[in-house]
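Participant: So the chains spell out like this:
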Amino acid sequence: MTKIHVSATVNGDPVEYLADPRESLLDCLRDHLGLTGSKEGCGTGDCGACSVQLDGVLVCSCLVLGAEAQGKKIETVEGLSRGETLHPLQRKFIEHAALQCGFCTPGILVAAKALLEQNPDPNESEIRFWLAGNLCRCTGYDKIIRAVQDAAAEMRGAA
Amino acid sequence: MRYHTPKSFDEAAAIAAKADGKTRFLAGGTDVLVQLRAGMVTPDDLIDIKHIAGVSDIARTADGGWRIGVAVSGAELGRHAALCADWPGVIEGMNLVGSTQVQGRATLVGNLCNGSPAADSVPGLIAAGATVTVTGPKGSREVAVEAIPTGPGKTVLAAGEVISAVTLPARGTGGGDAYLRFIPRTEMDIAVVGAAVNLRVVGGRITEARVALGAVAPTVILVPEAAAAIIGTDLNDAALAALTAAAEAAAKPISDKRGTAAFRKEVVGVLARRAALIAFARAKGEAK
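The listed protein sequences derive, respectively, from chains A and B. Each residue of the first sequence is one higher than the one before, starting from 10 at the first, in our numbering. Each residue of the second sequence is one higher than the one before, starting from 11 at the first, in our numbering.
Be a bit skeptical, because a hint or two may be false.
[Unchecked claim] Here's a subset of chain A near chain B, in silico, CB distances under 8 Å, partners left out:
#	residue
1	GLY52
2	LEU72
3	LEU95
4	TRP139
In short, the hints are calculated from the structure, not lab data. Using N, Cα and C, we set each Cβ at its ideal position, and we do this for glycine too.
The shape of chain B in the complex, shown without the other chains:
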């Protein structure tokens, strides 16, 4: 195994494009080192991207959004007051990942590229309309987060491509988001079901919404029908019932040791409804 410490993403992509064996990019290492240790993946080239300028930065974009470096840890995101005020649902999802020790290293992009349908940070990012910058041998392009995972453990990234930043849109006024997951314990577990809701409220009515569901399909899914169920409403009981039905209908879960398909379908409706209520309260400034 060769260990590389490139100084730019172009250099990192070039190393990966040139490699003929297995390559892995290393940021927080909380998945890569576990796979290495278990003998699941032994890379021929391990490319540590933490020596690239800007990877540890959280910066405002010109339009009022956020650009987050790929090596920023969950703990660093959780300590960033202005970012947490704008996107509490995104950050509460990331902060559910692992222990204090894991939070000290784990990253949003690592959670995304691990490709788990149960990844706790991904529904929040998708609901927020986040994008990632994909850098490869042919340059960089901006890709919506929901287009990255293609199945359990699989992503759309081609050989030689690496994610070089995460961008969250400007929050604007009247916005709120939230993420909830179900686990049978209080901490340190993998989501049985997850749900994120992001919405905007103008004059007491929802004008925009995005709903993303986790662990109920081969990837985290964006559910436009669930968003349509609450847009134009004041989130009354009828709107919540329609949201619940849309979330249940979109869920295509499997049965496994964490829960049956029927249980997941029921829980996803409940979580979508509760997350919508939290996001709505946040949007109106009635909750943090």
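So that you can see chain A by itself, here it is in the shape it has in the complex:
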């Protein structure tokens, strides 16, 4: 099997990896680049735990081939904090106890960040529909919604 050489940008850093053509972007992030923040829940695009931004667009990295990322900009959960300083979404998720087991959290953080980039002031219904592709079996979602609303308020400077 011929491997494909891929050059991309992940969280602002140039990266290179050799992808088997069958490998997903999620496999490449985790196994070739050591970025294990993105999780594999279902592997079929149903759960959202592997959510990343590909050239700014929210996607499931399990539904993208590693080879397709050539020349693309990828943002993962590892890019949210600045060193030790957490992103407002990360801080608010902790404050509101918006996670229990934490497996879905990286995907939800990335998805929520993508939402706030295009809608800084979403209402509850908009947040729930946007995050409909991110499954959480622990929280019952209410704390997640409140954490996203609170983070959005802080990021708008209204907190």
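With the hints as your guide, set chain B onto chain A.
Facilitator: Using the frame of chain A, we list chain B on its own:
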């Protein structure tokens, strides 16, 4: 598995025509990668058509219609204000497919070629009178969307043929379309029944109509009898009753875990009627 990135549809078709094993074309990948992962389909040649010029474009045609590239995602269609104003029913169908993440990648042509009778974007396309350009080793031809699916998971496309564009006709004046589906949840589900209606209103009366029904037959079906029931009327109660009866009569559903045949037959009439009312209001400029 060999991964190809052709720069033209002729090149893509040539790779597929030459291949002796399984081939798949890759655009949004939201079906192909799931099948790959599940071991259902492991292509020998995977042909990524996103490197072909124009595949991400939405452009006006010379006659005032739209030409949509095969890699344009559902999210991109939903953000295109002029396209949504012309064909709200087509776009609302596509935007019902999957999650935000899936909308970032999934395409109209992928939804069509997956061949599901429950595909949410297909009834709207058929009702609109959309066509697709099929490119193969012998050149390109224009095919009506309703002629593409031949059964669950099956299409009319021959080996080496690939869809290279979607064309929507000019909207013209007094036009309106709508798509409705029934699911037991509010989001993230597969249609139990779907119905799309596209019509034109002149002087308060319907002069043209097309009705397409989803998930009530082996393919999405175009139902001329349902359109005939409302053409020439002002969509009064008698016309709506005739539309309901025609939709129910055309439906040949199966019973499965999503719903019984009897339930689907009843719901398809209800959805056809409601979609017609929305399309009628849109045509008269009374609804968005």
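Participant: Each hint should be assessed against the structure and marked as holding or not.
Facilitator: The hints, checked one at a time:
1. GLY52: holds, 5 Å
2. LEU72: Result: holds, 5 Å to nearest chain B Cβ.
3. LEU95: Cβ of LEU95(A) sits 24 Å from chain B, so the hint is violated.
4. TRP139: OK, holds: TRP139(A) within 8 Å of chain B, min 5 Å.
Consistency with the previously given hints fails for number 3 only.
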